[in-house]
Amino acid sequence: MLDSVSPLNGYSATINEVTISEITRFSMVSLAVPGGDLTPFTKAVKQLLKTDIPAPGKLTRTTTGSMLVWMSADQYFYLFETEEPDPAQSLKAKFKDAAYLTNQSDGWVMLRVGGSRKNEAMERISQIDLSDRQFPVYSACRTMMEHLGVLVLRDEEGSFLLLTARSYAKSLLHAIEMSAKNI
Amino acid sequence: MTQPNRISGGQIDRTKKLRFTFDGKSYAGFHGDILASALLANGIRMVGRSFKYHRPRGFMTSGSEEPNGLVELRTGAFKEPNTRATTVELFDGLSAKSQNHRGSLKYDLMAINDLMSPFLSAGFYYKTFMWPKAFWEKLYEPAIRSAAGLGRLSGEADPDNYDKGFLHCDILVIGSGPAGLAAAVEAGRAGAQVILADEDFTFGGRLNSENLVVSDIPGAQWANQSVDELAAMPNVRLMPRTTVYGAYDHGIYGALERKTDHLATSQGKPRQVLWRIYSKQAILAGGSLERPIGFGNNDRPGIMLASAVRTFTNRFGVTPGRQVSIFTNNDDGWRTALDLAEKGVAIAAVIDTRDTAPLARIKDAAIVMGGEIVDTKGRHGLTSITLANGQTISTDCLAVSGGWNPNVHLTCHHRGRPVWREDIAAFVPGADLPVGMVVAGAANGRLTLGASLRDGHQAAASTLDAIGYSARQSKPPKASDEPSETSAFWYVKNSKARAWVDQQNDVTVKDIKLSHQEGFRSVEHLKRYTTLGMATDQGKTSNILGLAVMAEASGKSIAETGTTIFRPPYTPVPIGALGGRSRGKDFKPTRLTPSHQWAKEQGAVFIETGLWLRAQWFPKSGETHWRESVDREVLATRNSVGICDVTTLGKIDIQGKDAAEFLNLVYANAFGKLEVGKVRYGLMLREDGIAYDDGTTARFAEDHFVMTTTTANAVLVFRRLEFVRQCLVPHLDVHLVSVTDQWAQYGIAGPNARKLLEKIVDSNVDISNDAFPFMACANISVCDGTPARLFRISFSGELAYELAVPARYGDALMRALMKAGEEFDVTPYGLEALGVMRIEKGHPAGNELNGHTTAHNLGMGRMVSKKKDAIGGVLSEREVLAAADAVKLVGFKPVDRSKALVSGAHFITKGIEPTMEADQGWMTSVAYSPSLQTSIGLGFIERGDERLGEIVIAFDAVRGSTQEVEIVSPHFIDPQGERLRA
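Protein chains in written order, with this note's numbering: chain A, 1 to 183; chain B, 1 to 982.
Result set (PhoX-like, lysine-lysine): computed pairs, CA atoms no more than 20 Å apart in a straight line: (1) K46(A) <-> K96(A); (2) K52(B) <-> K513(B); (3) K657(B) <-> K94(A); (4) K170(A) <-> K600(B); (5) K657(B) <-> K92(A); (6) K181(A) <-> K269(B); (7) K164(B) <-> K585(B); (8) K79(B) <-> K259(B); (9) K164(B) <-> K181(A); (10) K588(B) <-> K170(A); (11) K585(B) <-> K170(A); (12) K657(B) <-> K96(A); (13) K181(A) <-> K259(B); (14) K92(A) <-> K46(A); (15) K97(B) <-> K52(B); (16) K181(A) <-> K588(B); (17) K181(A) <-> K585(B).
Treat the hints as calculated values from the structure; they're not laboratory data.
One chain only, chain B, in its complex shape (with noise of 0.2 Å):
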């Protein structure tokens, strides 16, 4: 396993060598190596097919803006499709497969796409697949979707795990090359708390794949020393591998660490990382990328930029080729040339599209000045060059340099726009920038080594000005400004062949130029149209080139062309790390009552309600459905005494001298009078008059009340009373608590529900009807010394109690109800029990408040009282909602006693037909009722009150069912009271 193209030199450590396989075959690289970079060492070009027409390609680029060397890294779930391979960091056993070919790479079968591309030109899809109609969803559609698409996902839910965060910082730096290093340097040395982070796994951006000079050192190393001096800072955090992907606002950024991604195995740990940073200030130093030019076949595998062939050289010691030739419309081109022949690889020719004089002569290289590429060859890979002069150049290997771009990415996320320079033929961040951003060295145009670093420096001093650190006046390190003189020439016009412009969606110069010509004349249209620009790369390479082409085409300028948008993320995110650990249980937290040992114990069916887990019921064995456990809990309660958990309930603690008064407002009903030792049950409306929640309030002193909620409006109802509190009547002295966690509360119905009490309550408290009678509370003890709060109310209308203890006691007195209630046969029941008994009391529950109904449709109208102001008493007399033949709360029995009746059934007078216009109410709830011994339900229907006998049809169109019900009185049980005063 020889490595034929590596070199000596780079950051690579030769003594630990790593082995991975591509396509299944193995090969071997070092530590530090990329996968790009051990496969060029391994003489690997060719490494996919491109997206359209299954070109063979190869890597363009050394970074995170690689269009073309993408690949499906590891194996089974772990596999993940479309990854950069410029990105990749080299671990022992890694894995990786070529994408987009359907046989081997080299010999792909779609690769006949290819032949057929006078067909395939932009939006052919649009133009071919009109006719015949029929054809577009089962076939055109499933064989485009099958051919479209780069690698292929396992399909297997994704084993890693991934987490979230929060950072903060006074100052984030974003990218480590030479103006971020120096940035953070001289941030960090004034004592602020820096982050710097970079996508990079080694700080130091283009100092480590150039050989410039810093401080009178290798920039590499100046880079090292910079930061070997951050890391011995406690005031900063360095954070390699992590990608700023999004300006957000108030100054937050997204950032991407990928902790595990360069190991074989995650080990349990968090694959990848989702930071959410807060920084006072940010300092872009994001660098800049060099783009391609335009010419005849330039896509083949062996053409790359320049930068990444100086990547692969100096930092990686590879060459990508034996014969290397350079093409370039500036001076940063001839660098590629000087270094690559300083490390004594062959150079066959540069080209420089300028009619000017040679920067440098270079040993047996062929040099052309003002020359210009036409067209390429090499099935697999390059083997020639032609030029415009005829001339043919025997080469493996061509640098492309076509200018640089400064990274103007993460300026753009609050709107702001680039704005064009001349003399660089770039973009440069606009002067609406995110707020505290700002952009420092070539991200910001100073494209050259000293000039970056100057840029950097001051951009850290103005940052620590801006919050109130002093600067140190140091000097910026010192370096000097490499030639960098550029055209403006974006493509070979000569070129017979095809020019790609975007080489990860095969869009050409003439792509382009049709676009325009069909009438796609915003640059955001010609992005839709040719998918310039899309996919993972965003079109970090082309998007210039292409408004370049387009700008020509409309006879504007570039600038006055402008940029398509710039959006998070800078590079892509997986799903997986915005999800973090919020998956599975792990997506929301659970509430458990103080008894949820117990009732688990028993082997409740536990039924989320919010965020609470109730018991459903309590199966019993021999049971074999629901309705059976149901049943018996119902009877068994109803016959001697049950205990239902209620802790769920919403508890607020209310006191203040004025505290009647607020709830005297807040109710619909009047509160001023309740007696001290008294509980009275309160109907909520909202302000428009509707009903909004009701519950029980009980008054404890005369300043002193504790109010019950739903258990689903517990929150809501607490929001609402402080807003009322804090801004409706802000004189009144009253303060409100949430106890709902405080206390475990407990349910004890039935008969029996005396009986069992006496049992627990101690001595001193005098229980009996005459002593505490229906709506009583006080505050007792129970089992010998146990704080404890007694109300006598009753959701299922038997003789009941609501017991709280304080919750460390919730889980023991669960425990001692039931040993004591031993002789009683007591049956704890659940939430269906519970539901069932209060349809049987008719009682109201959310299905009857439900945003829609006001206290006159509930029979309750006469609660709203004329006598005190209250939230929503005065619109609910609104004409419309206090009309005599508004639906009124009824109960409903089926005509067919043995029949179930429907929830949601609507009501329609016998032999009318069932339409919109003949609909008169709604059944709101249903259950069976083992106490009558049939389905039993509520809900609304116009008159209802008025209409007790009466038959009507009970039509539900969802599930298709006609029946006959009987209007009943909502009371199906005791409608009297006699037993809950019993």
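Just chain A, with the same shape it has in the complex (with noise of 0.2 Å):
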């Protein structure tokens, strides 16, 4: 096997008060749904991955830390931890006809924004409001930050996760690392 390399070779800083970390962890698939038929595939994701399918702007967790994300009409996120070299095969051999599903687990950089101040460093790049009564565990919400399209979940107290384009992996930390600075 190939060396592999994340995106930002496992970076973590804290910058005032605010902890920055980079998650690879997970690995991530998406399911998309056959013909919008919502049931089979509502029937396979409980059976498959003991959870519901979660609403628009939401996050659903399962109790191994797995997440499924809605991302668009007939659109999910599967983050989950796997040691196989490609995620989305045994996936596909379970879901069968319930679902299309394509390995995403490179495409993306996931990085954990907490700590006491990550609001305010949060508030100058993201448009949404991500305060605990707008924003609190298991939303999730699709969004433009200096001018990158993020995924930003809460899967969990205390803090964000930010995922972008993997090729954009430096410019977002960038952006996360300047908004701490600048508080």
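Grab the two chains, each in its own frame, and use the hints to assemble them into the complex.
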């Protein structure tokens, strides 16, 4: 096997009480609903992923920490931990005709932003309101930050998970670092 | 360093002494001072020269509406001209200089303009500089530009940082005076998310400047208590030093927060932050501004607004004069006299234009009811005033009150028009407010304290109700309503001397009358002709007075005359703040491929293609010109093997039972019968039949395709496919996901490409020509189990593959390929060599797919299938597009092989004069072909495919070149395609 490199080489830092760290443990697979028929899809998700399908703007979590994120009409992203080199392969066999799957594990960089002043940093680049009131745990949103398409996930208390296309990894990191420094 | 005009009281901290310089001389002030109060405390009345006449000027106000007190703040690259000293918080080490004078401030050579004032009336330059015409550009304009302007820029790049951000709230309260604080407290107590913003560094607004009582305690103390209560609420954000400068759509407000302007250095932090505030409701409590009265020589240092005199005295413990006089047309002016007298400041006179009973008796002061001031004296500062009755009164400070104007600015940002209220002789907000805005307090025409507090409290209740909160049934803070009778007295008609209306632009009463006399009847025309209300203060103190003079001249009422349009920003916003952090490399993001670091290590020269950074070429030591590197890379590839990073190509995963039908619709050529394990070149047309994008699409399963697009059009094609999927064929079962970033992809080209790959692919993968022929594709594994996709496609015309691995392996794969290729002298090649080889092969790219050309032009007309419906298929058949004499893509070679072709040259028949009518086509792409050792080109020429061998002229009018070129096949290399099928 070739050596693998994460987009930011496992970056981790704390700036002005804002913690920023690259998350590499998740694989990610997109799931599309064949023919828009949610019934078999929902059933398969419940049975295979042990979770419900999330409403728009939401994510659901399983007891093992996996996440299913609403992305758009008939499309979901599944984040989970696996050692398989092609994480879509085995899932595809299980889902059969209930979903179309595409491996997205390498297409994204994931950064967790936490710490007591995380919101003060994020308000400099996030047009959406990330306060606890408007963006509670299990919220998910696609938005723009510094011209970058970003997926913001609130998968746990106290932090956000930010995802953007892998090629933009350094630009997103720079935007977050600068926001933390500028507090 | 004594402060001769410092008196007792005020909100300054006398234990914190601060040193500063003005025009190079050192002074002292206290923490809590503004630059204006510190200068006045030190007896400095004259702080600048006026714009046009260079008249001595002092402070007129104590706030952001200041027209006169502009200084150059700080030094070197940090210098900021035209800074209002009335808004600058004093800090230790502050350095300020007066501006707009030649020579010293006291002895300004340009003061000669004042003597020439009869020749410099409104619009003088429109009339004066008419002739001779030639003088305008060379003499007049440079001279005017040199004389105009106020402060000077440093000419250096701004070393400060700026930032921006986004805030959200239920209720934005703009202004923290009595109404704003009452509203914020009520809204905060109800649990709403509140932002309270004020341009001042201390909350409280006029409460800090007045000796008024709220809820039985001094107003400033009540303000402090209210702010403490708000600060303890987690749902309230307090934003001092923040000017809400504009009201935009959907409850969005622009705000400028001055983060470090009150500090000696920013210490790396943003100096200012531009906020976009999203609000559900906004309460505008911006207060009101006092206005002056026009009378002869009313612009001398020492003449200021009565409210400003009270602010300096009550808030900053500074008396602007030792013998103060008051000139008023309303009750409020009397409070200045009373407040100053209480502080022990001598009052020389109170002159009230109203012939009524005096409002108060003031010790030793001359009280003149029904009086008017006709002139003043004092070369560098006021020494005396002369009344209409001839009486002269010695005085060094004149406090003028011409009534109050509610601050309607933000209410008009959505084109709302203020309405005139006769009882207060002022405009108040009209009914057409920005959606979600409520106006409260003095800004709403409630000009007394009690009314203002009640109005703020009520505004909170109504906004809370509008967004679903329940207001507490509390009562508004208690305060009495001070006397506030006013009169519509605008200017002293008996004054023979010039009476200033707009002190920032040196506009006088006479100028306005002249403007009207010369036919400028609209207020907007008046503004442009006289410059009334322009520049940093935007006429905050002068507009209504100017309108009143104009209304009188035109015989209309002020209401009929109307106001000019108020537009954002309310006060100046630095360009640096508007730019925020988007400077230099931070202007836009950058995309890097997984093997970018490897390319960097090889010394690649990168070029921006869209947001991507791509290797343009890889120079080797000894190479002194880019052509040497590119020629080497091309020859090495054609002779052995080269590797190119093609990760940037758009990749779209297409799945669904109807995926093939979908592709049949979006591509002009057929895809329905493409076999699994095969790739096909596809051409996409626009709806109008023009070529849109091209690329290859591979079929990995019956219901699974992977499309590649050009780098430039990756996003556009994806967006287009989504449009087709969602809007044109929503009934099809097809799903799209971008996988551009998922895969690192490399082109491996050259006669030794297969041999190299055989060392990389796992043993179970057969890539022989029979097992994996041209246009094959497969999911494979490389380097002991690394998942990969292999495509046998060729852009260079060589035996070539594109190998894709999940992006995490991209860097390692590139290194592995280079190592495996050592025995073949493998060469990495960049975008330039890629371009040369595609021209040699005759493949169209962006220059040819330029939004004007069709499949017919490109020589691909037969690809447009007639057997199926495809987007653009029908309209591509239009007569003009399918004409036999249309331009066709062909190749070109210079007749003189030693000469270089020129891209953009136009083709003309030999012997014909090069005119637009004679134009037959144009050269799209040129390159030096190291394989053919001559310059080659692609281009479009009428009936090109029928004219191979013909010599035409390539005429380049831009660069002035003309050369003979031969029309040849566009396929310069291997026209039969033997190499790529080898």
